[in-house]
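Turn these sequences into a full structure, and let the hints guide you.
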Amino acid sequence: MANGNQTVVYLSEQVVVLFSCALSFLGSSLIILTYIVWSDLRTTPRKLLVYLSLSDWLSAVSYAFGVWRVFHTDSLDCVVQGAISTFANTSSFFWTVAIAVYLYVFIVRSSQRVADSLVLFFHLVSWGVPLAITVAAVSLNKIGYDASEVSVGWCWVRIHASDRVLWMLLTGKIWEFMAYLTLPVLYILIKRHIHIAHAALSEYRPILANRPQSHSFSSVADMKLTLIPIIFIALRIWSTVRFVLLLAGSSARQNPVLVTLHGIGNTSQGAANCIMFVLFTQPIRKRLCTALCCCCSKCRAEGQNLHDAPRRLLPGQDTSTQREEDSITQVPTDR
1 MANGNQTVVY LSEQVVVLFS CALSFLGSSL IILTYIVWSD LRTTPRKLLV YLSLSDWLSA
61 VSYAFGVWRV FHTDSLDCVV QGAISTFANT SSFFWTVAIA VYLYVFIVRS SQRVADSLVL
121 FFHLVSWGVP LAITVAAVSL NKIGYDASEV SVGWCWVRIH ASDRVLWMLL TGKIWEFMAY
181 LTLPVLYILI KRHIHIAHAA LSEYRPILAN RPQSHSFSSV ADMKLTLIPI IFIALRIWST
241 VRFVLLLAGS SARQNPVLVT LHGIGNTSQG AANCIMFVLF TQPIRKRLCT ALCCCCSKCR
301 AEGQNLHDAP RRLLPGQDTS TQREEDSITQ VPTDR
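Residue numbers for the sequence shown, in our numbering: 1 to 335.
Source of the hints: derived by calculation from the structure; they are not laboratory data.
Here the structure is a predicted model, which means the values were calculated and not measured.
Virtual Cβ for every residue (Gly too), placed ideally from N, Cα, C.
Be aware that one or more of the hints could be misleading.
Using 30 Å as the maximum straight-line C-alpha spacing, the simulated DSSO-like pairs for lysine-lysine come out as follows [claimed, not checked]: (1) K191 with K47; (2) K286 with K191; (3) K47 with K286.
Quick list of simulated restraints, FRET-style, between CB atoms [to be verified]: (4) V244 with R42: 38 to 44 Å; (5) S117 with C295: 38 to 44 Å; (6) I174 with S75: 25 to 31 Å; (7) H193 with C295: 41 to 47 Å; (8) D40 with I231: 21 to 27 Å; (9) A132 with C295: 23 to 29 Å; (10) S117 with F19: 18 to 24 Å.
As structure tokens, this is what we get:
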């Protein structure tokens, strides 16, 4: 189970977490790709989701490397991996809150202009603060081997740092706790506003029923962004539980089931967002299915062309020669 202050990461845990990293990598990539390919999906909320997906993509890559290696010393690659995952993970916290704030201003305050003006501020905070914290932690030699005490093979705050709890808070946990407090409040206010608005419009629905709804798909997709806080809390809670158990000095933080849930939770947000906002979003799902069908049809057509290619006339070959070749290929082989 554990060796002193070191939590053993079993092979089964590595396999499960690496699989989770792969799903998150693919999911984040698909969110980014759909945003690039289809211009009509480029709403501001979905753009914010892309920025969140960039953080999750980087987290998945760095975590996968750490889980694959399962570091045991403060090596250079351990420090680099720990720095990248610290930056990406903290940035993901900030972008998750930024999306909730944007939706609150846009939906509850009914001010798209103000909401859009916040995007630059979101960039400064969601990229700048994690970068400053990570640079400070690396410069002060706080990032390194942490014996998987609050990780699953990857590096984070050095286990031998005397002020490691302080740096654990600064490099992630304090922002995670703030997200736990902020996101539910914003989420409840948004849902409450939507419910009140729907109730107020109920008497006008027969009049509006036959009106064109050209933006209905985009509206549904944007509304689903309110589910990000729920996904965030459900996935991150296991990491928080292990941190609290570390503060309490409990060996329960080394339980293999809890370690596995921690690894899955920290690496699955990209995959969860992809399922919700790509695979479970009907217009995007239809486009993906159409694109896949077109690719399959194209491959079948190319294969048929290759099969028929020997029967085509070559330059300088007349039709009589082609007929002779066809007669040769059609000679019965039965004797």
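Given the hint of 41 to 47 Å, check if H193 and C295 actually sit that far apart at their C-beta atoms.
-> holds, 42 Å
Hint check for C295 and S117 - Cβ pair distance inside 38 to 44 Å = Hint holds: Cβ distance 41 Å, inside 38 to 44 Å.
Check the following: the C-beta atoms of S117 and F19 are separated by a distance inside 18 to 24 Å.
-> With a Cβ separation near 41 Å, S117 and F19 fall outside 18 to 24 Å, so the hint is violated.
Mind checking the alpha carbons of K286 and K191 for me, to see if they're no more than 30 Å apart?
-> holds, 27 Å
With 25 to 31 Å as the target window, see if I174 and S75 comply at their CB atoms.
-> Because 27 Å falls inside the window, the suggested range holds.
CB of V244 to CB of R42, is that within 38 to 44 Å?
-> Hint holds: Cβ distance 41 Å, inside 38 to 44 Å.
Is 23 to 29 Å a correct range for the gap between the Cβ atoms of A132 and C295?
-> Between A132 and C295, where Cβ atoms are some 44 Å apart, the hint is violated.
Is it true that D40 and I231 lie within 21 to 27 Å of each other by Cβ?
-> holds, 25 Å
For the pair supplied as a hint, K47 and K286, confirm whether the alpha-carbon distance does not exceed 30 Å.
-> Since the Cα atoms of K47 and K286 sit roughly 21 Å apart, the hinted pair holds (cutoff 30 Å).
Compare the distance between the alpha carbons of K191 and K47 with 30 Å, and conclude whether the hinted pair is satisfied.
-> holds, 21 Å
The structure fails to meet hints 9 and 10 from the earlier list, while all remaining hints are met.
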